[in-house]
Structures are given as C-alpha cells and as structure tokens.
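Engineer: Input sequences plus hints: build the corresponding full structure.
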Amino acid sequence: MIEFIEIIFTAGFWAATIRIACPLILATIGEVLCERAGVLNLGIEGIMSIGAMVGWMTVFLGADLYTGILAALAIGGIFGLLHAIFTVYLGASQHVTGIGITMLASSLGFFCFKLILPSSTTPPKIKPFQPIDIPFLSELPFLGPAFFQHTPFTYLAILAVIFAFWLMNSTPLGLSIKMAGENPMALEAQGIDVFLVRTIAVVLGSALMAVGGAYLTLSAFDAFYFGMINGRGWIAIALVIFASWKPERALLGALLFAGLDAYQVRAQQLAGAVIPYQFFLMLPFLLSIVAMVIAAKRTRYPKALLVPFRRGERH
Amino acid sequence: MIKFRLEERAKSPYWLIILSPFIAILVAIILAGFLIVLAGANPFQSYNQLVIGAFGSKNSVAETLARATPIILTGLAASIAFRAKFWNIGAEGQLYFGALATTLFGTGLVVLPSILMIPFLFIMGALAGGLLLLPLVLLKLYYKVDEVVTTLLLNFVVVLLVSYLLEGPWKDPMSLGWPQGKSVIGEGVLPQILSKTRLHLGFIISIFFAFSVWFILSKTVIGYRIKSVGLNAAAASHAGVPIFKTVLIVALLSGGMAGMAGVTETAGLKGYLTLDLSPGFGYAGIAVAMLANLNPIGVIFSGVFLASIYVGADAMSRAMNVPTYLADVIVALTVLCILLSLVFVHYKILFFGAKKND
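Protein chains in written order, with this note's numbering: chain H, 4 to 318; chain D, 125 to 482.
Derived from the structure by calculation, the hints contain no laboratory data.
Where is the CB? At the ideal position from N, CA and C, for every residue including glycine.
Check each hint, because a few of them may be wrong.
Said to hold, decoys possible - Reference listing, derived: stretches of chain D covered by chain H, where coverage requires no fewer than 3 residues with Cβ under 8 Å from a Cβ of chain H:
# : segment
1 : 157-165
2 : 192-203
3 : 283-292
4 : 364-376
5 : 402-412
Structural biologist: Written out as structure tokens, the structure reads:
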C-alpha cells in the first residue's frame, strides 16, 4: 500500500500535475473573465479544439512555435468576438449561442484539418516545445525536476495567468468587467459602454481558452487528433463554479484537479488490470460533478450572469 | 461608432415567424458554400450531389428517414427541456443509457411476443434515459447545481461505461474481437417498413411521439405549466404552478425521449449496441429543436432536414472530395443563423448616430 502514498513524493508526479494543469488553468481563467463580465461562454470546448488545431497547423505548415501560440490566440479572439456579437450586442440566448459556437469551432477545425491533410490515418507530428532548465533552480533536488524543467509554454501560461490576475484586480478595466457582471446599469451610469466591456472580456477570455487548447498540441503532445479536448472545456466550467468565480481559487482548483488526475494515472499503473481503465477515465468527470455539489451551498453567481444588457431598459 | 438599440416588437409579423427558419437555413448553406469553394469544388454541383445523396433514390430517402429517427427523438428531448429553460445537454448520454437498457432487456433476459416486446423495450429505454437525468435534476432542485455542466459531464461518463461494458462483461463472444453487444432477439427487433431498405418502425414511432409531445405541450395543464416555468419561473410560482413537480416532469419526459432514441438505434438500425452507435445525435437534437422553434411537429421536419444534410454530405464527400465535416459545419451555422433570425423576429433594430465623447 505504501507505494500509493509514495507517488506524491516523486518529482514526476508534480511535474505531471503542472503539465495537466496548464491547459485547464488557461481555460478556467478564460471562462472566469467571460462570466465575471456576465457572459456564460459554452463555446469553450470548441474554442479549445480549434485553438489546438490552428496552433498545431501553423507550426506544421512551417511557422515557429511562438507564431503557433499567436495564431491560436487570434482564432480564439475571433470566436470570442462572434460569441460577443450574439450574446452581448444582440442579446441572444447565451446557452444556445455557446453550444452553437462549440459546434461551429470544432467542426470548422476538423473540416480545415481534413482539407489540408486529407488522407492522414496516423496524425503527423511536429517538434513541440522542449523542456528548458531554469539556471540554478533546475538543479535543486526534487524541486528542480518538479517545477523548473518545464517547456517555455508552461512558463508563458503562468505569465498569462499573472497578467489576468493583474487585469482583474488592479486595473480600471478589471473593475469595469466585474461591474458589468454585477450591476451593468451602474456601469452605464458612469458613462462606460457595457457592451464594449463585456466584448473585451469575452474576446480576451476566449483567446486564453484557445491558447489552453494549443498547449495540448504544442507542448503536452505533438499531434492534433479529433476529440483531443475530451471534455476539458466542460471541466473548466465546473471549476469556475467550484471556484466561486474567483481567479485565484480557480487556479488552486485547477491545480488540485490536475494533481488528482496525475495521481490516478500513476495509481492505475500500480493497480494494474484490477480495475478497468474506463473507471479511471471517468474520475475527472465525476469529480467535477462532486466539486459542483460541494460548491453549490456557497455559490454566489455574478448577479448579471445570463442577463443580456439592453440600453435604456431597466431591470 | 454606430450605436443601435433593440426595440421589442409588440407583435412579430406572422410571415417573419414562418419564414425565419428558411432564411436561416439559406444563409447557413450560402456560408458553407464558401467552404466548398475553399475545398476546390463547385458549390452548386456539390449541393446537387448532396440533394441526390439524400433524396435521389428510394434507398437514399429511406436512409435519410432512418437517420432522422433518433434525431427527431433527441430533438423532442431538447424541445421539452428548453421550453422550461431546463438546459438538458445530456441527450447523448441518455441515448446511450437507453441503448444499454435495450441490450440488458432485449438480448434474452425477457422474451415476449413482438407486439409486447417492442413497447416493453421502449418503456425500458425511456425509463433508463429519465433515470440518468433524475439525480441531476434533483441536484438542481435541491442544491441549485447547474444542469448544463452536469448533463454535459455525464455524457462522457456514460460513453466510458458503455466502452467498459462492451469490452468486458457485455461483449458479444461471437463478434470476432469487435467491441459490440449481443444481438437483440428477433421479437424485439423493429421491423422494416420499406422492403430492402434500412428504414424501420422506429421512424413511425418517433413521429407518433412528436404528436404526443405536441399534445402534452399545447393541450394539457402540464404543458401549460412547462411553458409558464420557462417564461418566468418566479411568476409561475406565484401563480401556483408547482415548480418542483413541473421541472421533474420536464426532466423525465426529456430524458425519456432521448433514451428512446437509443432504443431505435439498438433495436432498429443496428440490432446490437456499439460504441459508435451515436455520432452526436444528442447534440444534433439541440440544433433540430432550435430550428423548429421548439415546436414538436416542427421537429419532424427539421429532423428530416438535418438527417438529409448528414446522409447527403457522405455522398457529396465521395463525389466532390469535400470533407464530410461540412455537414457538421452546416448544422452549426444553422444553429447560429436561427438565433440571429430569432433576434430579428422579436426585436426591431434602431440605429442612431454617434454621440460625442464616445
């Protein structure tokens, strides 16, 4: 039994936790941005998928890896803008728009992939980001291999999260975003365009989601295949609720979640064939549901979430 | 910057309501046409191939209607749920649960004459679909746990459960290594309704349920309650509508419809359970329901339309070398276009000039 406890004392476990957490953190923070502004973004699953495809394809067609990230960022922003036009400017149902965006983004991504690579049975590979050693820190025992020998994309993701925290907590825009999700009338009374603030939040948030998807194809793996997002977007939405819409809690939630996931993979190897692998694969989804139930009692939704703002109308 | 405002129409013109889904479809098809050009094919020829593929022969019409069968049922599932603003996005999982029930009861455990066996399987499939949704709707009603996310997440759990059962205890030993379930016994198989085609009794049954749902929604107290909960739950509650009971009924009806889609696929089209039983019929149901403006009778037509896109796209893909994913793109575009047209049906857009200081 002791082996099951020893798992958490290996550097490999912690390194894997960071690796699994990265796309989740990016997607979760992206969704927090959207929802704090009052817009539920169910396009997340599809936006992650097309981000993964576009990022990978850009590199496959000859660009460098950083251009791949930028391409994913751009495509995420474009779909975010589409989502915002529908839900913010036209006030269409956020639920149905989100599902529509997910359907469109993922099918368009698959369509373009098949168009460029019509007959690839095994997905072609690129040379993804390689781990770099942070000077000195990477040589520390345990901590080095666990935290300081990751790919540049991982550190970029951490920078992006710090940027998102700074944006939300220390800038006028961040304050406006939070107000747009709590009391848009008051924001409008200050002479600030609610539509614009919400649009900026959804575009930025969607761009982060797409980069989260690209992390999978440019850093965690080296190929794109259909269904590779595999519910990560929906899990991110559950994490947002679990985190009560607070970015710092979302970060912790994603790390905790990734830790459990990294643990189950290793425990599965130890347990051998005793428990069928499908039950291990179910765990993330069941855990997400459990997390939502746990969070349900203290959940405090942004007041204006799901409520379209219409100029000159009182709520 | 151009400013505009949406003004609610006092009454939407009737012609606009009727015409809007057709305009939405047209716009979606035109937009997808650009993708066909991108693929290096002629869009007119390609769409011609698509129509021939879907309706060109007796066999292709039968194929289209067979494909429409589960989509109509999942479309009904979404229509019922969305009317009450209960966001059941879990039709995919409920469909597979219905298919599991069909395999459990239909492969020899229970043997009844055909006339009883088929209704029995549909009841079991509906119960299974409703049963899967039951814990989630109770979580929503008691703890306010958002059903959008839980129904979506459960889809993945159910597919993994099916994968486990088909690779493990429920695997048909006669299937030569393929993960598939045992065949449904002869009494349970839905008979062919057009000879030498794959069209089966399930299609008639799905139309029967479309009319049943229409009756429930528009002619009964329950239907009236469902509508009022969707329009304004707080007001409905004040008016004495039992919210808890109504939402519970909505969930069971919705899950039941999706569960029966699993029955038609397992006992009708294939005859046994496979892991690729549904290529996203659950999600297609959402598009079907939106296209029909949540009207159960409309769901029959939008279901056949969507099925024709899927079936026709296969033929078009072979003839014109356009990836079949075009069908999914058209469906997704249709959903977004229908949302757009709904905005125009309910609102007038008023433009006004740029203000200073903006």
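Engineer: The structure should be examined with respect to each hint, and the outcome stated for every one.
Structural biologist: How the hints compare with the structure:
Under the rule that three or more residues need a Cβ within less than 8 Å of chain H, the assignment of the segment 157-165 of chain D holds, with 3 such residues. Here the segment 192-203 of chain D counts 0 residues with a CB under 8 Å from a CB of chain H, which misses the bar of 3, and the coverage is violated. Requiring three or more residues with a Cβ within less than 8 Å of a Cβ of chain H, the coverage given for the segment 283-292 of chain D holds, as 6 such residues are present. Coverage of the segment 364-376 of chain D by chain H is violated [criterion: at least 3 residues with CB-CB distance below 8 Å; count 0].
Given a C-beta distance limit of less than 8 Å, the hint that chain H covers the segment 402-412 of chain D holds, as 3 residues qualify and 3 suffice.
Comparing the model with each earlier hint shows violations of hints 2 and 4; every other hint is respected.
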